[in-house]
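Asks: Let's have the full structure, built from the sequences with the hints guiding it.
Residue numbers (our numbering), protein chains in the order written: chain R, 4 to 814; chain U, 4 to 814.
Keep in mind that the hints are not guaranteed to be accurate.
Derived CB-CB ranges, DEER-like [as the list claims (entries may be wrong)]: (1) U/K405 - R/R323: 27 to 37 Å; (2) R/E692 - U/N533: 44 to 54 Å; (3) U/S34 - R/K287: 49 to 59 Å.
If you are wondering where the hints come from, they were derived from the structure by calculation, not from laboratory data. As the structure is a prediction and not an experimental result, all values here were calculated from the model. For glycine and all other residues, C-beta sits at the position ideal for the given N, C-alpha and C.
Number of protein chains: 2
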Amino acid sequence: MVATPEKATAIESISAFGQARSSVEGTPLSSDELRKIHAYWQACNYLAVGMIYLRDNPLLKEPLKPEHIKKRLLGHWGSSPGLSFLYIHLNRVIKKYDVDAIYLTGPGHGAPGVLAPIYLEGTYSEIYPDKSEDEEGLRKFFRQFSFPGGVGSHCTPETPGSIHEGGELGYSISHAYGTVFDNPDLISVVVVGDGESETGPLATAWHSNKFINPIRDGAVLPILHLNGYKINNPTILSRVSPEELEDLFKGYGYTPYFVEGSDPESMHQAMAATLDRCISEIRKIQQEARSRGTATRPRWPMIVFRSPKGWTGPSYVNGRKVEGFWRAHQVPLSGMNNNPEHLRMLEEWMKSYKPEALFDDTGKLIDELKELAPKGDRRMSANPHANGGLLRKDLRMPDFRKYGIEVPKPGQSEVSNTQPLGVFLRDIMKMNPQNFRVFGPDENTSNKLDAVYEVSKKFWIAEYLPEDADGGELSPDGRVMEMLSEHTLEGWLEGYLLTGRHGFFSTYEAFVHVIDSMFNQHAKWLDICNQLSWRADIASLNLLITSTVWRQDHNGFTHQDPGFIDIVVNKSPDVTRIYLPPDVNTLLSVGDHCLRSKNYINVIVSDKQLHLQYMDMEAAIAHCTKGLGIWDWASNDRGEEPDVVMACAGDIPTQEALAATAMLRAEFPELKIRFINVVDLFKLQPDTEHPHGLSDRDFDSLFTVDRPIIFNFHGYPWLIHRLTYRRTNHKNLHVRGYKEKGNINTPLELAINNQVDRFSIAMDAIDRIPKLKVAGAHAKEKFKNEQISCRHYAYEFGIDKPEIVNWKWPY
Amino acid sequence: MVATPEKATAIESISAFGQARSSVEGTPLSSDELRKIHAYWQACNYLAVGMIYLRDNPLLKEPLKPEHIKKRLLGHWGSSPGLSFLYIHLNRVIKKYDVDAIYLTGPGHGAPGVLAPIYLEGTYSEIYPDKSEDEEGLRKFFRQFSFPGGVGSHCTPETPGSIHEGGELGYSISHAYGTVFDNPDLISVVVVGDGESETGPLATAWHSNKFINPIRDGAVLPILHLNGYKINNPTILSRVSPEELEDLFKGYGYTPYFVEGSDPESMHQAMAATLDRCISEIRKIQQEARSRGTATRPRWPMIVFRSPKGWTGPSYVNGRKVEGFWRAHQVPLSGMNNNPEHLRMLEEWMKSYKPEALFDDTGKLIDELKELAPKGDRRMSANPHANGGLLRKDLRMPDFRKYGIEVPKPGQSEVSNTQPLGVFLRDIMKMNPQNFRVFGPDENTSNKLDAVYEVSKKFWIAEYLPEDADGGELSPDGRVMEMLSEHTLEGWLEGYLLTGRHGFFSTYEAFVHVIDSMFNQHAKWLDICNQLSWRADIASLNLLITSTVWRQDHNGFTHQDPGFIDIVVNKSPDVTRIYLPPDVNTLLSVGDHCLRSKNYINVIVSDKQLHLQYMDMEAAIAHCTKGLGIWDWASNDRGEEPDVVMACAGDIPTQEALAATAMLRAEFPELKIRFINVVDLFKLQPDTEHPHGLSDRDFDSLFTVDRPIIFNFHGYPWLIHRLTYRRTNHKNLHVRGYKEKGNINTPLELAINNQVDRFSIAMDAIDRIPKLKVAGAHAKEKFKNEQISCRHYAYEFGIDKPEIVNWKWPY
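Replies: Laid out in structure tokens, this is it:
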């Protein structure tokens, strides 16, 4: 059944609180159940206020005094009561229907409303034994909240049962959907704050319902929690008409159910009736699809829950409206030290929850209420899906070596670097059918990873058309996830990993900046998790950055931006890894390593086009294991101190540096050149800065202490300086890279404009090798002329000269 | 009238092309009009194909040969026919109703469909005379497309009439709404590709219709162009049921009109009837509101336009479906050199448009068709709103000095740095009522800029509640724009600036990363515009980054990220500026400078909390003019070579560096310290790298060539190394900054964790001043103990010691 719009539209005013209004009729709670569930909620609200205000006297056994109050009041009261209201009602249906559920809190700032029920159901004390279920434990539990050395005011990694901090807004829905992929029995309940609902990533993530297969995937139950206000403003969705709201969610493909009001008794009944309906609808959808064996897209239920901001808190403070208004957002009462009236109001407010009737003498929740919570792993705070490492199984991996290509001689043949990786991913997918997914914004074919479709199509459960049969590669059984929203993909993948599975995300280099902020937040999450012994290891987030700058000559300036890795290097070295494999076999070796790793974000930069191949598989493995190294076949220094070090990182820069090396060797046969290729970027940093960093000694022995180094880099050149500024020979390091000189170009012309082309690199070397200061003038002029001639050719024919395109390493 | 759902839902299949189906009945075009408008469209399609394929023989006067074909085929045919179809129909209503309209193309990759009508209406030849309206001009026009030295394949800045490149997807709708704020007569027509519609920024930008005042603002007419496919995939919105699609847009608050089909004749009639309806509905809404004088939120019209991808192109190629399928996305035919059949098909395809009947002997569009386009500025390609600098008026500015504060002695009193700026902005807003807006994601009050509300409230036109009267600060006349979507705000602001107005955007430091990619794209746009003499100067984009890392101790780790400026420094120095004013008067001086500037993105980093004040207004102006300088009052080197240079940038780091300086001076009265504060970050770079850069000589005279420099920096420390690695004294530069060591802290504890606190800085100095190696041991131990004691205090009381909080400069 769908929502009953007569009811929803009957709401006369969007702020008409009072008796509950609901799409679902019924009063499923007995009076005893109602009394208990309300008492449990009172206990939660009591704890939420306690966390925000109290450093002592947690049970108010003595009159409240200023010294019991924290000196700095932090936390967000506004959404807390609604969050615990939902938590408790979910507990009821978890027990009633034996539901396997986790809880994601978009408005993570309302953590008091989540921490409270987690503490009450015992999980908190199990994980943090000093926060025991007694008066002393409660005191510590209150005191640590938003307190140095304690826990933050969001659903941080320290929060049992949380996989979503809700610090930065926008990703709750996509996270939730990621958790239920291949988790057929899981229901992820996700609360979306009406503030968060204004963000872009959230607004498109509602469409994730088109990416759920009711047979093999679980269900997401989204709850839009309209409490009307952000920090200081009303929210959009809380002020549109009920008709628009209903149309919007029907338009997103859901069946919206409305629960609106403020009167606790009727609200409890309405929420209970609505959750009963939603759970049974989810079960019905799943059972029908599973017994039928064919997956079609249903209308999944969702709930619009409208309750007052700061519900049950002070209605008015200093004569100004608080409950149900934006003033309830953070701390409704303050200045207790010099405002006895506020102190009195706080005490009255806290006592309104009747703590003496909720907690026994020792400070523990009374048994009658304790029983309301589910037991063991069924507690949302102890559900192993929310500590996904507990469920994580190692990927079954084929031997990556067999996907490699023959490279009898370096630099002779061209192959797409990403294509064999696609075959490797295909077989991983085959061996891990319910444990691995591939993500990409409509680009897996464009990025040459389309071999995966041989095993798993693109997931598609919306309408099909006859022509899809011819090259559509669509299937409701597919596990390749494609949507033109990097935000949604990243959120799905994070949710999938955080619940213990594995994944691989490939995307356009320039547009990975779209998810800079999501990367930042996931890196921070992982960094904190590393400090929590109870959080089990999860699979790394593997991000292949392709369609890279040097082959975006045809798409132009907007598609040229290699700066994502500049963001990556700002995050903790404990969780960040960056690789720039130059060819097929190194990419396979790196890919294998990344897919086996845990707790990192691995960023792999590799273009999809045809590129020269340099290393056979054994050489590639050795090279990737070291992370960087001298390519002897390209060098002629034979263990002596070279005249110049030619270094490079990235596919095209490697090719151009090699071509420059060949040109220099042809012109100056006596010149001693050492050629170094870098795959693992953090090798360049000192070992004191990053666990992958080279010791100064090793660095110096490779890069010398006084010879010129010409470094041809894939990204913005300054990043190399940033990583190496402490190295002995940094003063002789000359880096080329992308410096925003692009438009519509040919590949070589784009390289020339940014001086990463072979001619520029060769001329750079001549300029910096003392013995060529004079002797190199002629060669330099020759190179310059060749460069000009290449540019003219590009302008004339729109392509690069065949001898450039077909260049091979000549030695 | 609203859409007629009977019609929309009557569509049996979402791919049922053929005769047009439309929400609006009627056949407004006479047979002569129909014939001409179709011929004009044929001409556009002919040009679009020509751009993609031809380097010669532009009018097909001789048989098509391989040498006439470009060697590299680039461009996107798929959406081009639909884009020019819309363009032409807009031309009709522009003439019929004398509409002032511009055209934004979300799927900018379909530039051939936009460039074609622009060329045909003469604007292209006016701006680029060599692309004249004759055979030779046409040849050049074809050849330059997606060709080195020519123009890219999107609606790049080189495209007359474009303010939106459409390279990166997601921002078309927010850009369009920004253009019509305070432009009551303008209608911005924006095409949203169904690919783009999957992105997050786009999905929430539909809600921009809640931010339009029909009295003083113009109108946006969004057209969702469903051609069904991305590169390789169907799109979500093209495959949901017509009912869902209609619900979605009704839910977003629009009246959706549907035009769907492929039969040209009926599609022309349907689009003409629908555009007539939309224009008259927009006019009616505006006239009613304007005559009534009160603004309420109407349901604005929007159009869902469903046409085949690659419409009118080859239906099948190599036996596989192309027209109406994803294979039409880019280049339907290729390999002409060795595929005579494809060459023949191309010729047949192009000739199907009957060029001989469209162009006269000289190659010019025949007069009968020429007349269809509007004249002069009414051409969308020549509309001055799309070259906003032509309309830009300088801001009227009060003297910023009068908003300054008295600072009789440095480092004695604390004031919120942003609050006086808010007063300054208030008065700018007062003096420029229709030319200036302030943007922020629900944070202008939080960010202490709330003085602006005295002159202009937050814009709000959705429902009002009684309680809004008490502190709501809402008004349908407001020009402070608040929505919890950084994407939408940034898009609005860009649209507002690109059409010649001024603005100011303040946002949270950590979450400005949400718009990293939008910043990148706007910087690239500005960089290219600087190279186009016909593009007039526009106002700079002014971005205040506040709620900064060092005062996010209470919000915790997720809210701590000063890395946005690392993104900024990657972009062209011609368009980027970064300022870190440490106090009120420097912030005012910087703010004044930025608001007067043109063509830049100015990033100002300044926290909102109470901070020590250092400079009176005259000193502040002098300091900001230089961009960095020695603070004599904090230094005691008196023109001699100092023992150490204490440098800093940013409010909190400045305070801590000063406190460290005071501690060192107290311990070592003989020690000569030079104190340098940096406001203009690019001063640190060499003048060869950035126009603001200091010469090496000036840099050396400030920072010495051999003395230790302790630099306390606001952001990630490596940025300072990146800017200064070429400086003489770089080897002695020691930088402290944020290094991802945060959680829930007090301000001082957060500083200690990242070693930017006074104690760490003082100890760093002792470690690096040779004469203190031994003599400093005692002081170092003392500082260490004080640091530990401060940390203990924070852990005990949750706040910092009063002597830290109340610290003042003691000299």
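Asks: With reference to the structure, classify each hint as holding or not holding.
Replies: The hints, checked one at a time:
For U/K405 and R/R323, the hinted distance range of 27 to 37 Å is satisfied, since their beta carbons lie about 33 Å from each other. For R/E692 and U/N533, the hinted distance range of 44 to 54 Å is not satisfied, since their beta carbons lie about 38 Å from each other. Checked against the given bound of 49 to 59 Å, the beta carbons of U/S34 and R/K287, roughly 56 Å apart, stay inside it.
Hint compliance for this structure: hint 2 alone is broken.
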